[in-house]
Structure formats: structure tokens, C-alpha cells
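Could you slot chain S with the ligands onto chain W? The hints should help.
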Amino acid sequence: MTERSGFKKPVKVVIDGREIVAEAGEMLLQVALDNGVEIPHYCYHPKLSIDGSCRMCQVKIEKAPKLAISCNTPVADGMVVDTKAGEVVEARKAVMELLLLNHPLDCPICDQAGECYLQDYSFGHGRSEARTTSPRRKGVKRYPIGPRVVFDQERCILCRRCVRFTHEISKTDELRVFGAGDRSRIATSQDRPLDNPYSINVADVCPVGALLSADFHHKRRVWFLEETETVCPTCSNGCNVKIGAFRNRIERLVPRRNDEVNDTWMCDHGRLNYAFVQDDTRLREPAIAGREPREPVPVAGPIDYTRDSDGREVRAAGPSVDEAIAAAAASLRAAVATYGENSVAVVLTPTLTNEETLLLARLVREELKTPHFALAVPLGLSDDFLIKPEKVANARGARDLGVGPGDGGKDLAGILAACASGEIKVLWVVGSDGLVAAAGLDAVEPAVANLEALLLQDTNRSALTDRATVLVPGCTWAEKDGSMTNHAGRVQRIRPALRPPAGLVADGEVFARLASALRGEATAPFEPRTAFAEVAKAVPSYVGLEWARLGSRGLAAGQGA
Amino acid sequence: MAARVVTVDRRSLRAKGGAFGARAFAKGLSVTWRHFSRNLMGWVRGTPTVATVMFPEEDVVKPAAFRGMPVLVQMDDGKERCVACGLCEWACPVDCISIDPAETPDPIERHPLRFDIDMGRCMYCGLCEEACPEEAIVMSDRVEISAFSRGGIVWNKEDLLVPQDQLARRLDWIRRSYDR
Ligand code: SF4
Ligand code: SF4
Ligand code: SF4
Ligand code: SF4
Ligand code: FES
Chain W
-8 MTERSGFKKP VKVVIDGREI VAEAGEMLLQ VALDNGVEIP HYCYHPKLSI DGSCRMCQVK
52 IEKAPKLAIS CNTPVADGMV VDTKAGEVVE ARKAVMELLL LNHPLDCPIC DQAGECYLQD
112 YSFGHGRSEA RTTSPRRKGV KRYPIGPRVV FDQERCILCR RCVRFTHEIS KTDELRVFGA
172 GDRSRIATSQ DRPLDNPYSI NVADVCPVGA LLSADFHHKR RVWFLEETET VCPTCSNGCN
232 VKIGAFRNRI ERLVPRRNDE VNDTWMCDHG RLNYAFVQDD TRLREPAIAG REPREPVPVA
292 GPIDYTRDSD GREVRAAGPS VDEAIAAAAA SLRAAVATYG ENSVAVVLTP TLTNEETLLL
352 ARLVREELKT PHFALAVPLG LSDDFLIKPE KVANARGARD LGVGPGDGGK DLAGILAACA
412 SGEIKVLWVV GSDGLVAAAG LDAVEPAVAN LEALLLQDTN RSALTDRATV LVPGCTWAEK
472 DGSMTNHAGR VQRIRPALRP PAGLVADGEV FARLASALRG EATAPFEPRT AFAEVAKAVP
532 SYVGLEWARL GSRGLAAGQG A
Chain S
3 MAARVVTVDR RSLRAKGGAF GARAFAKGLS VTWRHFSRNL MGWVRGTPTV ATVMFPEEDV
63 VKPAAFRGMP VLVQMDDGKE RCVACGLCEW ACPVDCISID PAETPDPIER HPLRFDIDMG
123 RCMYCGLCEE ACPEEAIVMS DRVEISAFSR GGIVWNKEDL LVPQDQLARR LDWIRRSYDR
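Quick mapping for you: the protein sequence lines, in order, are chains W and S. In terms of this note's numbering, the first sequence has 514 at position 523, counting the first letter as 1, and numbering is strictly consecutive. In terms of this note's numbering, the second sequence has 7 at position 5, counting the first letter as 1, and numbering is strictly consecutive.
Among the hints, a few may not be true.
[What the hints assert, rightly or not] Some chain S residues close to chain W (C-beta under 7 Å, calculated; not the full set):
1. VAL85
2. CYS87
3. GLY88
4. PRO103
5. GLU105
6. GLU111
7. ARG112
8. PRO135
[As the list claims (entries may be wrong)] Below, in silico cross-link-like pairs of lysine-lysine (DSS-like), each with a Cα-Cα straight-line distance of 27 Å or less:
9. LYS57(W) with LYS129(W)
10. LYS210(W) with LYS159(S)
11. LYS162(W) with LYS129(W)
12. LYS29(S) with LYS18(S)
13. LYS81(S) with LYS210(W)
14. LYS210(W) with LYS233(W)
15. LYS129(W) with LYS81(S)
16. LYS81(S) with LYS132(W)
Calculated directly from the structure, the hints in this document are not laboratory data. No residue lacks a Cβ here, since even glycine has one placed at the ideal position from N, Cα and C.
If we strip away everything but chain W, and leave its shape as in the complex, we get (with noise of 0.2 Å):
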């Protein structure tokens, strides 16, 4: 028996022997899969008004005349449903032989072959041969629907879900089902594209192959997905997502449900913001100016040429990350030996960690001691759903770590000003993004033209990555393990789904070893495990959360109590 809390007034219902306790005025078919009772739908999603058109729900309830669908019955005290009845058993045998008979049967070419419900209750529910010999109706396939959506009329079986998702959630109204009967079809009205910020939600809900996301058509099987949960690093929304990768490399991603931040969608944008980990602008060897810089490591493929036949790892010549980590740390120790601790300013791009950041703000405090400390958010268009206006993950979590100029310190735009007058010598930036479009490359050229050393810490090439004193290169979302901020306030944790290019590091771990140079001592590694509970400390609304409690749906700032 499971109990249920609310203010609605609890019905006893018995589903398959099992008495359920629900709140009045839930669905009998929410109840049961909330309790892991599996009643195979298609048109119900928990997200959507109901439509009650696929019938795949039916179940038996006693005293009724007939078979009910369960997901538009409201659940009544002293209900007793039986959803395995005989009856059950051969009405969905019905339905799936009703929706297969004009289905194309694709399933090798069709992308959604794996995670297919028609797939999967073709095999629990259906009938392993058709008892048709007309030929199956055609319609049109690989329809470029919108910019990022493929149609195949084919395969759709006129749930209705994707109609209802424009209508409700992106409040667009493109899709409508056109024509009745055999003939009906969806299409958008008046041929305007399905193009809206939401755009690929459709093909999530949508439950068999007909409308599929553009950048994954026919890229890869998605039962050979590796699959992460993890937070979309796009804008400060942080969305809930699951990255699905395959040798090392991002194929997808896909939303994952979290009431409190993103029902079950995402927007388009974050969505196919990924290539910047994998493709060629990514930056994946140190250096130093002046000196050669390493020989580019060939990438793993099918043969791993990153490593010998021993296993060991193929390097090349030219430094290497602690020998850049060291040649920061000498560049800073110089100027604030020099010119005293105001000529050094950072200025950081909150893509970081919460724990990362807590590293670096202690790193600024108390070893450089520089009160020149600026937090560089790139801002963008934001809408009243999903998109914010603060274009990096990690700039709430900044802010509540206390990034920001200390006493007497300059903002963002007092730092660039002063590099341009030669009043601050060492310009030490944390992503680089985040400075070009926040300030604008015509204030931040002549800041670093008038500059003794750029130091950069980066993960992609941008317009300052060549005028870098030091570069050293960084782990990016994907590769990272930590806890991130997003805009309400909600601490979410990140998990690594590939594995960072040979012998890089993340930023974490760059400011333990940038701490251990400048103090001359060893510290211990960054662990972002233990990172979190001084993180939890150092916060006053963060105290009492734990690493292990964020879980994958993570916690409200202020839970912890």
C-alpha cells in the first residue's frame, strides 16, 4: 500500500490486487505507473492536456459496462481494476494491430528503433504477424517539417501528442491533424515551418519515429548510447539533460524530467550547443609564448593512436600543463613582487563548477590578494519559459560564492580600462567567452595589447587564444564532475560522460596546482567530492545540502536545513 500526501481527499483504489491510495481527481493511469503498475499508452503524457484518442489504456474495471481508458478515468473510492484481464488483453492486441496496419515497419532505417513504445508494446501486447495483404498506405517521408525536425507521415499514429505540445507548451499552434479517417495526417497549417525555440521537444514526445530531431537523423543506434544525466550548460535555466555519447564523442541530448526546473523540455538552442566540445575550435595543448608548441596528438578513433603498444601515453614535445601551470604562477609572483598585488587582475566566464570557483575565489583572496576580481556573464535573449537571459550555467553559483571585486576593486570594465592605461600589468582570464561578448572585443583588444602577460585558461579558441602568455586548456562541461547554480537557486550536479583529451586536467584541479606553485607547498588534489561540503560551508544558504542528497533532480539553495 503506498501513501500519498496532499489536501485532496484520499480514494482507496485496487489495481491488480494491490489497494493504492490516491488523491481524488488523479488519473487511474498516472496512479498506476506512479505505483509501477505498467499500462501500455501512447497519446498520455504526464505533460500534456489528455487527448484519449489512441485507446491503448483500456483496462477492466469492475461494475463498468465496458472497458475504460485509463488515463481519462479519475480514480473513485472502492475502484477495483484489473489491467491484465482477458479483455484487456485482446482489446490492446486490437489497437496495435489498428496502428500497425499502414505502419511502414522501418525500424532499421528509423532513428527511434530502441526506444520505440510501438516497438516495445508490438513485442509485450501485438501479434507477431499481420493478417493484411492490401498494400500499406504511403505518405511522405524525411519531410523537412521545420529547420530542425524531420516528418514521416508514414510512421505516425495520430496521438495527437505533438499537436498538443504546440498548442500548449510553445504556444506556436503549428502542427494540426488535417483531413479525417484513414486520410488524416499532421501537417502545419498553412505550411508555415514548425520553427519555434522549442522546436525539438516534438520529436521527444512524440512516442514512434515520425517527427525526429535534424541533427540526429541517422547518426547513430541509440541502444549504443552511453548515457549521462547531467544539466545543460547553456544558459542559467540549467536544464535537466541526459548527454547519450558513443566513442567518446556527444551525439546527443536529450531533456530529462524535473518539475521544479524543466518539466520534461528543453529549448533548441541548448539543445545542439555541444559541438563546441568535441570539434576542431577545441583547445587541447598548453603553451607558452615563446616556446614550440607541442606537436598536435592524433585523436582516438577505432585504433587509439594517443597511446604506444606498451599503453603508454604518445606525447609530444613542447610543455606540458604543470610546465604552463608553473610559468603562470612565476608570471604572477613576478608582478605582485614587482608592482605590488593591484597589478594583477582575474576575470572569470562562471562556466566553472561551484566547486571549481570556490577553489579559484580562495586562490584570488588569500594567495594573489588582488582585489580586482570580475565575473564576465554574456548576456542574450530570454523568453517567460525555459530561456534566461544569463547565457553561461554557473553565474548564480559565482555570485553566491562571493566572486566580485574586493575592497577598492575594479569591475569588469574598470579591469579592462586599467590594462589599457598599464596600471594592471597581468591579466589572468577564465574562459574567454564570456570577456568577448560581455565587454566586446573593442574594449578588451586594448587591454591585452598594453599587457606583460596574458594568462588564459580556456577549453575553445577565440580571438584572445593567440595572444595568450600562457594557455592552459580545460576540461568542459561534458568532462567535468561538480555542482552547478542555476537562476533560482537550485544546486545541480554535473557528471563527466567523456573523457577529457590526453592529459588534460580540469579547472579545478588547475587551481590546486596553481595554489600548491604560488604557495610552495603541496595541497591536495581537487576532488570535487569533498570540494562540495567546504562549498555547502562557504555559502549560508547552501549550508546542509550534501553531495549525495543533490542526487539528479539536485536540491533548492536553503534545503539543507
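Leaving out everything else, chain S with the ligands in the frame of chain W:
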């Protein structure tokens, strides 16, 4: 428990064994001689009577059920029949198949951009053939995988493609034996 004692007469056993050994030896030799003379006569007459052939100059015709290296069926238009569904890749117990799917402008919208089989790992089990929904990968009668490098025994799509009329016998056999 009382032990049971068996008394063995070693001498007589040894005598029997010796006689048996001599008989067996003579019988063996007669088999060898019979085949030798038959082969010799066959060779002299130009009508060989044994299965042994002068490999690699000569080769034998293998039965349709023979499982050699898996190959890809090439359609008459020169394209592969494979649609890169990945089922063989999944079915292969030793993970020696590796496919990168891609979209094509053809009516069959999907094909393998890359299709590699590591023949050094393949154990000719035929599970890929059984898994394939398109009759696109079949077991051929090829068995030679020698190459000058380790990379050379990874066969790519071009190496693996065999025109379908050369595979007609096997395709026919598959349909019969898998009851398709
Ligand atoms: S396209 Fe997909 S979601 Fe839309 S009605 Fe058809 S099956 Fe349902
Ligand atoms: S709304 Fe923001 S966090 Fe959510 S998917 Fe889009 S970019 Fe990512
Ligand atoms: S024959 Fe067996 S081992 Fe060889 S590729 Fe096919 S499935 Fe793999
Ligand atoms: S199972 Fe057949 S169609 Fe599918 S990838 Fe393998 S060879 Fe190609
Ligand atoms: S899920 Fe109930 S009718 Fe479709």
C-alpha cells in the same frame, strides 16, 4: 566395508596386447597403402580421387552452408544493401563490426558511411547474418585473411562488398534455413 580384490593376469594380457598391436599396425599400413596407390593411379590417370587439393593454386567448392568470412551484399547498382541498422554490430559476440551510419539522397535513405569488420577477431559464427533484417551481410566462402599489417586485417566497406549474383547460392540457403 570389505575391499574387493581383483587379480589380474598380466602375462596373458601382455601377450594379447602384443598380438592386437601387430594386427592394428598392419591394418593401418594397409589403409595408407591403399590410399597411396589409389591416389597415385588417380594422379597418373588425371582423375584425382581424394579431397586434398593443391591450395592455394587450387581451391575447393564449399557447400552453401559453409561459414567463411562475412561480406556485404552489393546490389546491381553498385551500392551496398546494408542500411546501417546496427543489428549485426549489436549481435556480434566479439564486437568486431563497427559502423558509422549516414543519410543518403537515395530512396533508401540510410547507408553505412563506414563499415569495418576486424577479421582478426571474427570467429565466423554467422550471428551477424542471422540478425540482419535486410539480407545485407552474409557468410562467404572466403577464409584467407593474411595481410602485411594489423590494420590490414580490418576490412572496410570496399573490401567487404561482393556483387549479389556471386552470393546467390548463400542467399538462397539463408532463406531456406531461416525460413524466410
Ligand atoms: S507525429 Fe508523432 S506525436 Fe505527432 S501525432 Fe504522429 S505519432 Fe503522435
Ligand atoms: S533553456 Fe537554457 S538551460 Fe534550458 S535547454 Fe535551453 S539553454 Fe539549456
Ligand atoms: S561472423 Fe560472428 S564474429 Fe564474425 S562478424 Fe559476424 S557476428 Fe561477428
Ligand atoms: S544488420 Fe544488415 S542492414 Fe543492419 S547494419 Fe548489419 S549488415 Fe547492415
Ligand atoms: S493513453 Fe489513454 S487513450 Fe491514449
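(request) Answer holds if the nearest beta-carbon of chain W is closer than 7 Å to that of GLU105(S); otherwise answer violated. (result) Holds. Min distance 4 Å.
(request) Compare the distance between the alpha carbons of LYS162(W) and LYS129(W) with 27 Å, and conclude whether the hinted pair is satisfied. (result) violated, 30 Å
(message) For LYS210(W) and LYS159(S), compute the direct alpha-carbon distance and say whether it is at most 27 Å.
(response) OK: LYS210(W) and LYS159(S) at ~18 Å, within 27 Å.
(message) Take the shortest C-beta to C-beta distance between ARG112(S) and chain W; is it under 7 Å?
(response) Hint on ARG112(S): holds, closest Cβ of chain W at ~4 Å, below 7 Å.
(request) Decide if the proposed pair is consistent with the structure: LYS81(S) and LYS132(W), CA atoms, cutoff 27 Å inclusive. (result) holds, 21 Å
(request) Take the C-alpha atoms of LYS81(S) and LYS210(W), compute the straight-line distance between them, and say whether it is at most 27 Å. (result) holds, 20 Å
(request) Closer than 7 Å between Cβ atoms is the bar; does GLU111(S) clear it against chain W? Give me holds or violated. (result) Holds: closest Cβ of chain W sits about 6 Å from GLU111(S), inside 7 Å.
(message) Given the hinted pair LYS129(W) and LYS81(S), is their Cα-Cα distance within 27 Å?
(response) This hinted pair holds, its Cα atoms lying about 25 Å apart.
(request) Answer holds if the nearest beta-carbon of chain W is closer than 7 Å to that of VAL85(S); otherwise answer violated. (result) holds, 5 Å
(message) The hint names CYS87(S) as touching chain W; please verify it with the least Cβ-Cβ distance against 7 Å.
(response) holds, 4 Å
(message) Holds or violated: the hint that PRO103(S) contacts chain W, with Cβ atoms closer than 7 Å.
(response) With Cβ-Cβ at 5 Å, under 7 Å, it holds.
(request) Given the hint that LYS210(W) pairs with LYS233(W), test it: the Cα-Cα distance must not exceed 27 Å. (result) holds, 17 Å
Checked against the numbered hints listed earlier, the structure breaks hints 9, 11; every other hint is satisfied.
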